[in-house]
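**Student:** Spelled out from the first residue to the last, the chains are:
Number of protein chains: 2
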Amino acid sequence: MARSKQKEKQIIDRIKEGRSRSETTDELAQLILSGNRSALARAITLIESTQEADLSKADALMRILLPHSGNSFRVGISGVPGAGKSTFIESFGLSMIQAGKKVAVLAVDPSSETGKGSILGDKTRMNELASNSNAFIRPSPSSGALGGVARKTREAIFLCESAGYDLILIETVGVGQSETAVHSMVDFFVLIALAGAGDELQGIKRGIMEMADLVVMNKADGDNLPRAKAARMDVQRALHFFPELPSGWIPEVTLASSLERTGLDAIADSMNRYQHHCKTNGYFDLHRKEQSRWWLKETIQHALVDLFFAQENIQTELAQREEQIIAQQQSVSEAARYLIDLFKGTGINPK
Amino acid sequence: MARSKQKEKQIIDRIKEGRSRSETTDELAQLILSGNRSALARAITLIESTQEADLSKADALMRILLPHSGNSFRVGISGVPGAGKSTFIESFGLSMIQAGKKVAVLAVDPSSETGKGSILGDKTRMNELASNSNAFIRPSPSSGALGGVARKTREAIFLCESAGYDLILIETVGVGQSETAVHSMVDFFVLIALAGAGDELQGIKRGIMEMADLVVMNKADGDNLPRAKAARMDVQRALHFFPELPSGWIPEVTLASSLERTGLDAIADSMNRYQHHCKTNGYFDLHRKEQSRWWLKETIQHALVDLFFAQENIQTELAQREEQIIAQQQSVSEAARYLIDLFKGTGINPK
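These protein sequence lines map, in sequence, to chains C and H.
So the first sequence is numbered by our numbering: it starts at -11 and just counts up by one.
So the second sequence is numbered by our numbering: it starts at -11 and just counts up by one.
The shape of chain C in the complex, shown without the other chains (with noise of 0.2 Å):
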């Protein structure tokens, strides 16, 4: 350790007396394992980088900094807006650090502009996590589909893994495909609730709450907790409508207050037994080698269509068939083997 802070020490000094006009890729990796939260930012704008030219140098990085990675509990945070997932992040995120953890917070939110209320868009949200020195948080990528935006944040993780973050906690937003893109790289799956008036579970969107390892019952405080507890009741009930996950985990529901700072001991509770329950059963490492190879194929598949979709010609056609579908001239089977038939033809000649 001491002597990698060293070598830390040398690098930063080396760019700083303009020996060298920007760091190696190694330097970079260098220092992210020494835990550089700057390099660490770095590296992940480095990797969300469309360029051309700082794809082979995402791809060194990687090379170097994956072997590092894996030593973390990933969880994804999910919630309709307004259940207070930034505010049960802080609390969340600070009792963890306590505990003797470093955290590091992501989040997919597809629909994300810079400075147009995105979250975690606005540090100022969990101003006491942000400036504690064993947290990173880092906002959604800020363009493109979802596809590649999940992509990105999942390999943000294996960067703030080699780093030395242990735990990684992904915010989404509550709209359905991001939550699935999101399920699929964590290894604990966290709803936020929260206990309303009567249709208190309204709005959550439709397969989240199958996805759900733990439902926290947020704002359970003051004159709210006897409506939290009867909604905890509530879906503890309907749980039993989902069929067992693919774990072997039951689910559990907790009451928490991030303003009073309650349940998060429960909270952390829960997240140790299941660790210790997927990690029995061998669950865990398995299912992080099915999301491996799901990425991979998922990867794939969105790189073709893209590929295929980028034809000009393909464009043109695609356009007409479809009208002649609708217009029920046509059988969706004989237009897209015509439209595979012409891409064929292309030679693959994306722009």
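Don't take every hint at face value.
Identical copies go unnamed one by one, so any copy, or any two together, can satisfy a pair.
With a straight-line Cα cutoff of 30 Å, these simulated BS3-like cross-link-like pairs (lysine-lysine) come out [what the hints assert, rightly or not]:
#1 285 with 332
#2 277 with 332
#3 45 with 332
Rather than coming from a laboratory, the hints here were simulated on the basis of the structure.
Since chain C is already given, all that's left is putting chain H on it; use the hints.
**Tutor:** Chain H alone, transformed into the frame defined by chain C:
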């Protein structure tokens, strides 16, 4: 109608007399339009064929018949094995025929193999319906991946419609993926559930409950009636935890007994109200157009992935890259980019 019957007779006579060795595509189409069931069966066999020579014949047939398709109500029927789907379909189908409908029953069961007890494989399970002249029953295509099986079934729907069937029931096994495929080809989705001892809804796969427009608590008869009533309330309560359907329809739960043939009118009534609701708010047509677009995209995507993985050099490299990813030696991004570049270089030359 008299004219088309006459034409049908002419065609059949011509074939019998040996003047033409086999019917032309146009003749086959005319027979189907006149409601000839064996012609319909032959046409479905044709569109299920993967023989190169049959593809253009199938395309030509679909081009003639598609303009005559669309005039039916398409209903997906799901439920765990043992829930009594076949018996339900027989009772319900017969009651709808009594009400003046022509009923076609199709199936999506990607795991089915002839003679292995697949759904609908054994027509004797629907003896009475099968022998009714206003019913047409067709088992699932017996081989192929889900996407292909489902696409063929979707095209079989159009053929049945052009033969005058105005209620199409599509049975599916309760195993998740095939439900999604069936859901994307029907107007209305029914889940057949069973009130058992305590954990009555166990076994219903993730995501299926929330697709349902109607949940039928089956075998609500004799000693089982109180349990069915209790389960109905449980399901109604659980449905509150699912957000609104895109159609704006509020899912219903009814009791039924195929044995006593009760509850069938309420189901028909629910379907009628659903149609009224969705035709009034415009969802019905919009949804069908969306389904067509979805199937085109889905079909292209599958064809691209098939094309990709059919390349021999890709197969070899893929296995190696997957190993490297799992061993944390390479990122998914790098591996995917490498494989796509390899694909571009092949000049695409599928087997």
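**Student:** Each hint needs a verdict: does it hold in this structure or not?
**Tutor:** Going through the hints against the structure:
1. Taking the closest pair of Cα atoms, residue 285 and residue 332 come within 30 Å of each other both inside a single copy (21 Å) and across two copies (17 Å).
2. With identical chains, the CA atoms of residue 277 and residue 332 are at most 30 Å apart between copies only, with a shortest distance of 28 Å across copies and 33 Å within one.
3. Taking the shortest alpha-carbon separations for residue 45 and residue 332, only the inter-copy value of 22 Å comes in at or below 30 Å, while the best intra-copy value is 32 Å.
Against the hints set out earlier in the document, no violation occurs for any number.
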